[in-house]
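Engineer: Line by line, the protein sequences give chains A and B. The numbering used here numbers the first residue of the first sequence as 687 and each following residue consecutively. The numbering used here numbers the first residue of the second sequence as 136 and each following residue consecutively.
Keep in mind the hints are simulated off the structure, nothing from the lab. Owing to the predicted nature of the structure, the values given are computational and were not obtained by experimental measurement. Do not rely on the hints blindly, as some may be mistaken.
Unchecked claim - If you anchor each label on the Cβ, the simulated ranges turn out as follows: (1) B:Ala277 with A:Ile935: 45 to 53 Å; (2) A:Thr702 with B:Asp261: 33 to 41 Å; (3) B:Ala277 with A:Thr814: 44 to 52 Å; (4) A:Thr923 with B:Pro421: 24 to 32 Å; (5) B:Asp261 with A:Met868: 43 to 51 Å; (6) A:Gly813 with B:Ala277: 54 to 62 Å; (7) B:Leu411 with A:Leu825: 26 to 34 Å.
Where a beta carbon is used, it is the ideal one built from N, C-alpha and C, also for glycine.
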Amino acid sequence: MHKGTIAKKLFYAFVTIMIVLVFNYILFRVLPGDPLAMMMRNPKATPEMIEGIKHFYGLDQPWHIQFFTYFKNMFAGDFGTSFVFKAPVIQVVAGRILPTVLLVGLAEIIAILVGIVIGVLAAWKRGTRLDVGTLGFSLITYSVPTFWLGMIMIVIFCVGLHLFPTSGMFTPGKSFISTGAMLHDLVKHMVLPVLTMSLVLIGEYALTMRNTLIDVLSEDYITTARAKGFRERYVLTKHALPNAMLPMITIIAINFGFIVAGAIQVETIFSWPGLGRLMYEALSARDYPLLQGIFLLVTVCVIVANVLADITYAYIDPRVKN
Amino acid sequence: MALLEVKHLKTYFDTLKGQYKAVDDVNFDLEYGEALGLVGESGCGKTTCALSIARLLPKEGKIYGGKILLEGTDMVQLSDDQIREKRWKDVSIVFQGAMNALNPVMKVGDQIAEAIMLHEKIKKEDALRRTERLFELVEMPADRIRNYPHEFSGGMKQRAMIAMALACNPKIIIGDEPTTALDVMVQAQILNLLEKLRRELNMGLILITHDLSILGETCDKIAVMYAGKIVEIGMVEDIFERTAHPYTKRLISCFPNISKDKVIPAGIEGIPQNMLEPQPGCSFYPRCHLATDLCKTEVPTSIEVGKKHFSACHRASEVLNGR
Chain A
687 MHKGTIAKKL
697 FYAFVTIMIV
707 LVFNYILFRV
717 LPGDPLAMMM
727 RNPKATPEMI
737 EGIKHFYGLD
747 QPWHIQFFTY
757 FKNMFAGDFG
767 TSFVFKAPVI
777 QVVAGRILPT
787 VLLVGLAEII
797 AILVGIVIGV
807 LAAWKRGTRL
817 DVGTLGFSLI
827 TYSVPTFWLG
837 MIMIVIFCVG
847 LHLFPTSGMF
857 TPGKSFISTG
867 AMLHDLVKHM
877 VLPVLTMSLV
887 LIGEYALTMR
897 NTLIDVLSED
907 YITTARAKGF
917 RERYVLTKHA
927 LPNAMLPMIT
937 IIAINFGFIV
947 AGAIQVETIF
957 SWPGLGRLMY
967 EALSARDYPL
977 LQGIFLLVTV
987 CVIVANVLAD
997 ITYAYIDPRV
1007 KN
Chain B
136 MALLEVKHLK
146 TYFDTLKGQY
156 KAVDDVNFDL
166 EYGEALGLVG
176 ESGCGKTTCA
186 LSIARLLPKE
196 GKIYGGKILL
206 EGTDMVQLSD
216 DQIREKRWKD
226 VSIVFQGAMN
236 ALNPVMKVGD
246 QIAEAIMLHE
256 KIKKEDALRR
266 TERLFELVEM
276 PADRIRNYPH
286 EFSGGMKQRA
296 MIAMALACNP
306 KIIIGDEPTT
316 ALDVMVQAQI
326 LNLLEKLRRE
336 LNMGLILITH
346 DLSILGETCD
356 KIAVMYAGKI
366 VEIGMVEDIF
376 ERTAHPYTKR
386 LISCFPNISK
396 DKVIPAGIEG
406 IPQNMLEPQP
416 GCSFYPRCHL
426 ATDLCKTEVP
436 TSIEVGKKHF
446 SACHRASEVL
456 NGR
């Protein structure tokens, strides 16, 4: 891909982020609910106290002043102060990134690998029992609501079998004698959320992979490859898969953004201290600055993932290069 | 010994609705350097017939009987491994390259070289060098082997496809509608190229098409297929000048004659029979203007109406005499 093309893509990405910033601001202000009502639960609060708090967060300013202040601060790297945590948004968000990356990253990698393998096998052995079985599995996991699956997991593995802890990232209040012990505790806490999240994703990847591969296998160039005398395995790996992977790249990239946000359900159910749960908390409290900060991060993730997908595409599909 | 002898070939498809007799008792042969045109309507079994030779049938299709003797070896009896060795080395196929017969994410030269490497166990550089020579043979610049299919025009893709078919010096090339979807000028170039190459390289050529008009100049022999059977086969002159089957006659009258008054060709009324519920008697009788009661009950056998000229019609001699 040309340097110019990449620069152009980056420019468009920047423009998109700018537009999202504006949306981001408007969206939360048109939402029903008042941040002050959430902060001032105390019925004895005097009007002076409420005014003071309004002034402290700049909520007494006219909307356009608030808007420009928001933009100006954003460029200065100041994302405001969280209403709930009484700390800079950037600090609150930063503390939650690692747990989410750990959870989502691992779930995504597992889902991609397992999904592709299931999809390829199903397409290759189309119409056999293996195909029907995996198809059923994929359809079920794809359609199951994440929160329901999470609760069922807890019922079976925590309440029933006592195999894994129900919530959190580490056992609360426990001090670890070694890094190994700490990792062991982390892994035990991670199994269920990661499993839940990847199960939901596997179905989608497997179905997409199966359908694309079946389409590709019926293409004329596959018959050509067979006519040349190649074995089925070679035809599959050398001719069919490189073509079938193209739509997968797009889906993986699009999903990348969504699963950061999609972690809301899994993180809330398993009390995982990540971005998803933070978003849920911020939303419940109408914590504007925090919500804006998280939304901005998610947006940037989606856009960056798409730019990366575009660039990857150019390397694996010669038709895109020009 | 003939290069290829197809004897009583029966290829059926087992579908959920029943058995589909796509190729039913087909006989023909092909000499070195000879070109045979296989013509008929869509769905009459021409492609299935050709794919049977390389045993490239989809998994629902199966050869139920007959022999396909290639230089005396029966292709029907070979194991999967043996047939894979024969593919491309003995029989290669030119698909509709203008469409999608080349892998879009692989360089054209690599796609040709991989076939050479598979069958002749030579190094990639040598295979690529030979690919360049093949490109020159089909009148394309040698450096274009490094291009991807989307960088070619329809005609160039088809030339590349022919170069690919020639890669392992096959004994037979099957062209499965190689010029469909190409414009008339390019169509003529491609056909001339195939014609020239099969003479120079002394290969057998089987040309499948639904367009009878292009076969006259390109082929030595023509086989007309209808509903899974060859209804008439003979040398080109015999088919055109001494037509002995009503279906062939109607096919020929289907293309307009530019030297005469402008008339829209008649076409053939009716549709081909439902191959899942074959009727007794001749499969063409519902559409035939010469049908008699005999045609409704008895399947006509192929009779010799001239030297190497066969017709499967009860009234072949009358058709031959101009009815």
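Engineer: Hint by hint, which ones does this structure get wrong, listed from lowest number up?
Structural biologist: Checked against the structure, the hints that fail are numbers 1, 2, 4, 5 and 6, while the rest are satisfied.
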